[in-house]
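4 protein chains.
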Amino acid sequence: MKKYYDAAIIGGGIIGCSIAYYLAKENLKVGLFESGELGGKTTSAAAGMLGAHSECDDMNIFYPFARNSQLEYFKLEKEIRELSKIDISLCKGGIYKLAYTEKEKKEMESLCALPTVDWLDANQVISNESTISPLILGAAYIEDDVSVVPEAVCKGLGISASVLGAELHEYTQVYDIQKQESTYLIKTPAGEVEAQYVVVASGLWSNSFFESMGLSNRIVPVKGECLSVWNRGTVLNHTLFHEHQYIVPRMNGSLVIGATMVENDWNERPSLGGIEKLIVHAKKMMPEIGEMEIGSTWAGLRPQTFDKKPFIGRHPEQEGLLFAAGHFRNGILLAPGTGKMISNLILGKEVNKKWREAFKIERRHEVFA
Amino acid sequence: MKKYYDAAIIGGGIIGCSIAYYLAKENLKVGLFESGELGGKTTSAAAGMLGAHSECDDMNIFYPFARNSQLEYFKLEKEIRELSKIDISLCKGGIYKLAYTEKEKKEMESLCALPTVDWLDANQVISNESTISPLILGAAYIEDDVSVVPEAVCKGLGISASVLGAELHEYTQVYDIQKQESTYLIKTPAGEVEAQYVVVASGLWSNSFFESMGLSNRIVPVKGECLSVWNRGTVLNHTLFHEHQYIVPRMNGSLVIGATMVENDWNERPSLGGIEKLIVHAKKMMPEIGEMEIGSTWAGLRPQTFDKKPFIGRHPEQEGLLFAAGHFRNGILLAPGTGKMISNLILGKEVNKKWREAFKIERRHEVFA
Amino acid sequence: MKKYYDAAIIGGGIIGCSIAYYLAKENLKVGLFESGELGGKTTSAAAGMLGAHSECDDMNIFYPFARNSQLEYFKLEKEIRELSKIDISLCKGGIYKLAYTEKEKKEMESLCALPTVDWLDANQVISNESTISPLILGAAYIEDDVSVVPEAVCKGLGISASVLGAELHEYTQVYDIQKQESTYLIKTPAGEVEAQYVVVASGLWSNSFFESMGLSNRIVPVKGECLSVWNRGTVLNHTLFHEHQYIVPRMNGSLVIGATMVENDWNERPSLGGIEKLIVHAKKMMPEIGEMEIGSTWAGLRPQTFDKKPFIGRHPEQEGLLFAAGHFRNGILLAPGTGKMISNLILGKEVNKKWREAFKIERRHEVFA
Amino acid sequence: MKKYYDAAIIGGGIIGCSIAYYLAKENLKVGLFESGELGGKTTSAAAGMLGAHSECDDMNIFYPFARNSQLEYFKLEKEIRELSKIDISLCKGGIYKLAYTEKEKKEMESLCALPTVDWLDANQVISNESTISPLILGAAYIEDDVSVVPEAVCKGLGISASVLGAELHEYTQVYDIQKQESTYLIKTPAGEVEAQYVVVASGLWSNSFFESMGLSNRIVPVKGECLSVWNRGTVLNHTLFHEHQYIVPRMNGSLVIGATMVENDWNERPSLGGIEKLIVHAKKMMPEIGEMEIGSTWAGLRPQTFDKKPFIGRHPEQEGLLFAAGHFRNGILLAPGTGKMISNLILGKEVNKKWREAFKIERRHEVFA
Ligand SMILES: Cc1cc2nc3c(=O)[nH]c(=O)nc-3n(C[C@H](O)[C@H](O)[C@H](O)COP(=O)(O)OP(=O)(O)OC[C@H]3O[C@@H](n4cnc5c(N)ncnc54)[C@H](O)[C@@H]3O)c2cc1C
Ligand SMILES: Cc1cc2nc3c(=O)[nH]c(=O)nc-3n(C[C@H](O)[C@H](O)[C@H](O)COP(=O)(O)OP(=O)(O)OC[C@H]3O[C@@H](n4cnc5c(N)ncnc54)[C@H](O)[C@@H]3O)c2cc1C
Ligand SMILES: Cc1cc2nc3c(=O)[nH]c(=O)nc-3n(C[C@H](O)[C@H](O)[C@H](O)COP(=O)(O)OP(=O)(O)OC[C@H]3O[C@@H](n4cnc5c(N)ncnc54)[C@H](O)[C@@H]3O)c2cc1C
Ligand SMILES: Cc1cc2nc3c(=O)[nH]c(=O)nc-3n(C[C@H](O)[C@H](O)[C@H](O)COP(=O)(O)OP(=O)(O)OC[C@H]3O[C@@H](n4cnc5c(N)ncnc54)[C@H](O)[C@@H]3O)c2cc1C
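Chains as they are written, first to last, in UniProt numbering: chain D, 1 to 369; chain U, 1 to 369; chain H, 1 to 369; chain P, 1 to 369.
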C-alpha cells in the first residue's frame, strides 16, 4: 500500500515550508517534497527584507496582506526557536528609503502619510547613519520593515513542521501529479505516494504543473544578483533602499547588497556586469562601501507572474489541488500569510475575500485596467 | 517559429556532453539541455578511474566496449585541449588492485592473465609504493587503467562541442518530450524547441522519460560518498584499489578516497557514517593516510540498472528517440564509447552488434541467466 | 610623530578583543594589532561552550573566576548587539554531562552537589533527548553552561570596541616591542606606534614576546579537531558532553562535534584519523548522528600552559607590560573575565587577590604539588 | 642535540620552495620553515604569467635574468610532474599586449623589435580572438610569455624538494635567527634548529629579519586584487594585457582577471571598489566578459623594493646568511632563476656578475639615476 498524506506539498522553499508548518500545526499529516535542499533555490538568494511598506505599490490588496504577514513574523520568531532551535535573525532597525530628488521625495508622499512611516530630512538621516551619501534630500523611515535571514526562516519552518509531525523529503523531485478518484497520486523517482490535498509551491518551477493541470498560467524568472561585504568599521543600523536596490545589515557583521533585475534569465549565477552595477549603486547610497571587503556573490530567480501578484488558491475545477507560487520580490515577507491562507483554505476556515479574488489562479489580465 | 535542432540532448553530464561532442564533430546542429550546470550531478562526484580492467566482471561485453572507450581517451585529451583549452588531467601510473588473502589473489587470476595486466608480489609493490600496507599479499598491476578529472572531461567535451557549433543550455530543465509528425517537441520552462532526434542522457533522472515514453525501464541510485586528503609527504604514484574502494592520486597533490555503496538513497550529501567507513578502509590500504590533512567531502548517486549495464540505444518503436543512461560505476570510462555509439546510431553508421544487443532498452531479466 | 595609544593590544582573538572592549568602555585610547583577521586563529575553531561547571576541575580558583565570566555573558549579549549589531547566538539549553559507568557517575558527585547542577537518571535524560544512547546511566544537567558562537563574540567585542573609539589594525603583525623611557614602541611592518600600556594577547603565539621580555614562560599547542553535521530530523536541545568530547547544537540547525586533543601539533588542519575518532565518539553519545549529513571539518590549536591555567597579569618588573594568554580549553568562557581583570589592573582598580596569584606570570611549578 | 640542516629556508612561497628544490637537487640537507601553508600568501594570489617580455622595462638586467628563468620552466614542468606528480598547468598561447592609441603602440616598438615578439594589427588579432574589443589598434604578440598556476608550481617545487630529501615544516613561523660561532640558530615556537646557511625568503614579511640583521632594507606591499570568471562560450586562447591589467585563461575553463595596484595596503582581502575597477578594465579589453559568470575574488600583497628589483644575495658581512625577497610583480616568473642563483651562491658556483650587482642587498638609491 502506498504512503498516504493528508496534504502533499511540492517545493521546500519558504512558501512550501510555511504551508507545511501551518498545516502541521493543525495536525494534518503532511509530506513535503523538495528536489534539492530546503530553501536551496530562490529563497536562499533573498535579502530577507520584510518590506510591507517599502515594496508596497498598492494599498488596497498588497498592503493589508503583506502587513498581516509581516506582523506574524514577530510571533513566528519565538515559535520557530522553541520548536526547531533555529534563530531566524530578526534584525530590527527598519528601512531608510532614500530620496535624491524632489521627484523621488514626492513619490513617497503617500507612503509617508502612513502612521507607521516618517519622513526624515537629510540632516536627521545622516546624524543617525553618518555613512549615507550627503547627496540625499531625505528618507522615508519605516521602522517596521525589519529583516530576517531567509534560509534560516525556511529551515526553521521546515524543521518546526517536522517536529510537529510533517515528513520532509529532500532530494525528491515530483515529476507528475495524477488525479485519482478521491486522492492524488504524487510521482517521484523514489516512488509514489497518495494525498488528499496537493499544494504546488514550486516557485518558478511550477509551470509544468500548471500545464499538466490544464492551466495557462505561467511564471517567468527575474534574476536578482547580490553580493555581501564585511563591515569592520562604522556600523549600519538601518537598511538603505533606493530604486529597488538596497543595503541590508546582517547580524553577523556583513552587509547584503542587492539586487539587479534581469528579465527572463534562467542562469542562477551572477554575471560580472551585474556585480558592477550593484557596486555602482551601493556607492551611491553609501560612498565608503567601496573600501569594504567583498564577501561572496550570488544570484536567484524571482518567480514573476503577469501582474506581479502571487497565485494563491485552488485549481478552478479541482477541490484538492492548490497552488502557492509566483511571489516575485516578496516571498519572504509573504510566506507566513501565504501559509496561513492555504491552511485556511484546506481546513475550510474563513479567508479574506479580497485576497482570494486578487490571488486566484484563474484571474486574467484586465484589458482596460 | 520554433528553434530547430538536428539533435536535442537532455542532460549535460559526461554522457550528454560526450554525445554532443561526437554529433557536433559530424556537423549536426546540436542543442544540449541541462537542468543545472554541466557535470554538476553524478559526474562531478566521480573519482575518474578509467577501470576497463579493474572494474571488469565480464570479458565478453563489458571489456571490449570499455577498453575501446578507454583507448579513445588518449586521443580525446589532445582534441579537448585544442578546442576548449581545458586540460582533462589524464594521470598516468595505473592501478594496483590489492590482494590481502589467497582467496582475493585467486579471484584475480583471470584478470592477471590479460596481456595488459601483471601480478606483483608484496615486495615489488611496496618497493614501488612504500606507503602501502605490509599486510598485502600482492597486487594486480594495470598500467592502462589511468584516471582523469571527470568534471574537466565533461566541461571539456561540452565546450569543445560548443566550439564546433553545439548550443549548450544550462539551467534549462526539460520537463516533457512530445512526438510530432516528423520531429519532437522539447518543452522547457524557457520555451519549446523542435528536434529530429532526441537523446535522453539524464542519468539517474531519466525515469520520468522512460515512463512518459511507455517504457518500464527504471534506474535506481547507489549513493557513493568520497573525501579527499592533501598529501604533503610521500607521493602516491598509483591508484590503490580494493573491494570497490580506492585511493586515487590527483595531479594537484590531493588523493581522492572513494567510495561507499548505499543503495536507494537519493540524498546527495555524505553522511557521517559513510565518511567513517571510507577512513577505515583507506587506512587498511595505506596506513599513514590517517595522518594526512582532510580536504573536502562529497557524494554522488550512481545510476544503476537492473543488470548494472547501461541502456544505450533506440526506443523500440521510435526511430528518433534514443537513450543513453544508467552507466552506474563506469560512466566516466564509458563516456567516449557511448558518445560514439549514439552518434553512429543516429548517422546510420555501423555499430557492433553485440553491444547493441547488450545495451538495448528493451532487454529483460533473463530468468535462467 | 608616532601614533600614540594609551593601550596597545597584540592579538585580535577573543581575549584581545575582550580586553579592547573593556578598556574602550573606560575611555582609554586603544589600538589593537592582529596578524590576520579578528578571531581567525584558535577562537574561530572553538565550540563555544561556556563550561564553567562542565570543564571545572578546581572549585577554588577556576570555578569562581569562570562562573563570574559566564554570568557576564548575559549582559554582554545585549551590549554587543546594541553597539555592533552583531548577535552572539547565545544558545540556551545547557549541558548534559553523560555517565556510562558507575565510576563516571561517581566522579560527578561533587559537580552534582552544586546548587546549579542536577543529576538526571537515564530515563529522565532520554525522555528529554530521545536520541541519546540508551547505554548511559544518567547525566549531570547543567543549565547554565550555555553556548555562544565564538567568532561572533570576538567580532562583536572588536567592533563594539571600535564603535567606542578603539582602532583595529587587522593584517598587522607586531614583530617587536621595545621599552622606552615612559612608553613602549610597538613595531609592525606597517610602521611603529607608541603606547603607555602593552597587552600581549597573542594566544599560542605569545612565546616570542615572553622570550624577548626575559620570561621563561611557554605556551604549547594542543590541537583540537572538529566537524559539524546538519540536523534535519530530531532537534537536539542540550549540549552532550562526555570525556572532553561534545556535541553542541547551533541555532542555525547544525551540530558541532568536538574535539580531539593532540599535543604539540602545530598543524592547523584536521587529520583523517582525528575525524574518525570524533565520529566514533559522537556515535557513542548519539547513535543516529551517523546518518546525518556532514557539514565542514576544521581544527584549532589550544594554547596550553604548564599548569593549564592562563597567564593573566603584569610582567614582574614592568608596570606597563601585561600578558593575557594561555586560556587552553576555556578561552571563550574566560574572555569577559580576562578582559575585565586586565582593564582593572591597568586602571588600578581592585582585582581579586586569589586570581592575581593563580594567574600571575611568574608562578612556578610546585614541586610537591 | 639540536636538529641540523645544511640550509634552512625561511618562507614557503614560490621563492622559498624554488630555493629548497635547487638545493635539494644538490644533495644539501634542507629544512624549510613556513608560518602557514606552502604558497598560502602572495604566491597563491598571483595570476601566473611568465611575462619575461610583457613585464620588461629594462633589457639590460631584467630581461636576460627573467628570460633565463622563463626558459627553465619548460624543463621544470616535467621534473616536477615526475617527482611530485603535480601538474603545474603550463598554458601555452602567449600574450597579446594590446594598444588602443598610437602612443601605446609606439611605446611597444622596442618590445616588438625583439626576435621573440611580433606586432599584429587589429584585424589579425581579432581574427584570432574574436572577443577582443574592436577599439584596439593592434597588439604585440609574445608567444613565449606563457602562464602557469602559481600554487601548483609552489607545491610542486616543495613536494619535489621533499622527495629529494628536504624537510618541509608548515605552520612553523621563524621568529628569530641568531648567529652562532659557525652556524645559525633558527627559533620557532616548535623549537630550535641549527643550520650552516640561512636563506630569508619571507617575501613581504622579511622586514623584521632585515632589521634584526642590521640592514635598513625594507619591502612594502602593493596590493593586487583579482577575480575569476567561468567562460562557457567562446574560448580565449591568449592572455590579454593592457596597462598592467590582464585576462589570463586557465586550463580549467576559467579566466583570471587582474590586478589592481594599491600601495601600502596590508589588508589581504579585495575591496568592493577594487573589484569594480577590474570589471571596468576587463570589459575594455573583452566587452562580452560582462556577461560571464563570476567565479571567486581574492587579493595578494606584492613585495616591492625601492627600485622594484628583488633582493637576491648575501648579507654584506655574513657569509652564511642570504636573502631572496622582494620579487614584486614577477616572483612567479623569477622563481627558478632565483632558486638557481641562491643555490649557486651557496655552493660557490659561478653567478652572473651583473645580476649579483643588480640584486645585491646593499645597493642604494642612485641619486642621479
Ligand atoms: C536577489 C533576491 C532578493 C530577494 N529579496 C527579497 C526580500 O528582501 N524580501 C522578500 O520578501 N523577498 C525577496 N525575494 C523574493 C523571494 O526570494 C521569493 O519570492 C521567495 O523565495 C519565493 O519562495 P518559493 O518558496 O516560492 O520559491 P523557492 O525558494 O524557489 O522554492 C521552490 C522550491 O521548489 C522546489 N521544486 C521545484 N520544482 C519541484 C518539483 N518538481 N518537485 C519538488 N520540488 C520542486 C525547488 O527546488 C525550490 O526549492 C528576493 C529574491 C531574490 C532573487
Ligand atoms: C562516488 C562515485 C565515484 C565514481 N567513480 C567513477 C570512476 O572512477 N570511473 C567511472 O567511470 N565512473 C565513476 N562513477 C560513475 C559515473 O560518475 C557515472 O556513471 C556518470 O557520471 C554518469 O554520467 P551521466 O552523464 O549519465 O549522469 P550525470 O552526470 O548525473 O548527468 C545527468 C545530467 O542530466 C541532468 N538532467 C536530469 N534530468 C534532466 C532534465 N529533465 N532536463 C535537463 N537535464 C536533466 C542532470 O542535471 C545531470 O547533470 C562514479 C560515481 C560516483 C557516484
Ligand atoms: C577545537 C577547540 C574547541 C574549543 N572549545 C572551547 C569551548 O567550547 N569553550 C571555551 O571556552 N574555549 C574553547 N576552546 C578554547 C578557546 O578557543 C581558546 O582558549 C581561545 O580562543 C583563546 O583565545 P586567544 O584570543 O587567546 O587566542 P587566539 O584566538 O588564537 O587569538 C590570538 C591572536 O593573536 C594573533 N597574533 C599572534 N601573534 C601576533 C603578533 N605577533 N602580532 C599580532 N597578532 C598576533 C593571532 O593571529 C590570533 O588571532 C576551544 C579550542 C579549540 C581548539
Ligand atoms: C595579484 C597578483 C598577481 C601577480 N601576478 C604575477 C604574475 O602573473 N607573474 C609573476 O611572475 N608574478 C606575479 N605576482 C607576483 C608574485 O606573486 C610574487 O612576486 C611572488 O609570489 C613572491 O613570492 P615569495 O615566495 O617571495 O612570497 P610569498 O608567496 O608571500 O611567500 C613568503 C612566505 O613566507 C612566509 N613567512 C613570512 N614570514 C615568515 C616567518 N617569519 N617564518 C616562516 N615563514 C614566514 C609566508 O607565510 C609566505 O608563505 C603577482 C602578485 C599578485 C599579488
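Worth flagging that the hints you see were computed from the coordinates, not collected in a lab. A few of these clues could be false.
No copy labels: a pair is met if it fits in one copy or bridges any two.
Restricting the straight-line Cα-Cα distance to at most 30 Å, the calculated cross-link-like pairs of lysine-lysine (DSS-like) are [stated by the list, open to error]:
#1 Lys308 to Lys3
#2 Lys179 to Lys349
#3 Lys308 to Lys2
#4 Lys75 to Lys105
#5 Lys360 to Lys187
#6 Lys25 to Lys277
#7 Lys187 to Lys75
#8 Lys106 to Lys179
#9 Lys3 to Lys179
#10 Lys92 to Lys75
#11 Lys308 to Lys354
What you are looking at is a predicted structure, and each value in this text was computed from that prediction instead of being measured.
Hints and how they fare:
no.: 1; hint: Lys308 to Lys3; in the structure: between (37 Å within a copy, 29 Å between copies)
no.: 2; hint: Lys179 to Lys349; in the structure: within (24 Å within a copy, 45 Å between copies)
no.: 3; hint: Lys308 to Lys2; in the structure: between (38 Å within a copy, 27 Å between copies)
no.: 4; hint: Lys75 to Lys105; in the structure: neither (34 Å within a copy, 41 Å between copies)
no.: 5; hint: Lys360 to Lys187; in the structure: both (26 Å within a copy, 26 Å between copies)
no.: 6; hint: Lys25 to Lys277; in the structure: neither (44 Å within a copy, 39 Å between copies)
no.: 7; hint: Lys187 to Lys75; in the structure: neither (36 Å within a copy, 43 Å between copies)
no.: 8; hint: Lys106 to Lys179; in the structure: neither (53 Å within a copy, 57 Å between copies)
no.: 9; hint: Lys3 to Lys179; in the structure: within (16 Å within a copy, 33 Å between copies)
no.: 10; hint: Lys92 to Lys75; in the structure: both (14 Å within a copy, 19 Å between copies)
no.: 11; hint: Lys308 to Lys354; in the structure: within (16 Å within a copy, 57 Å between copies)
In summary, the numbered hints that this structure violates are 4, 6, 7 and 8.
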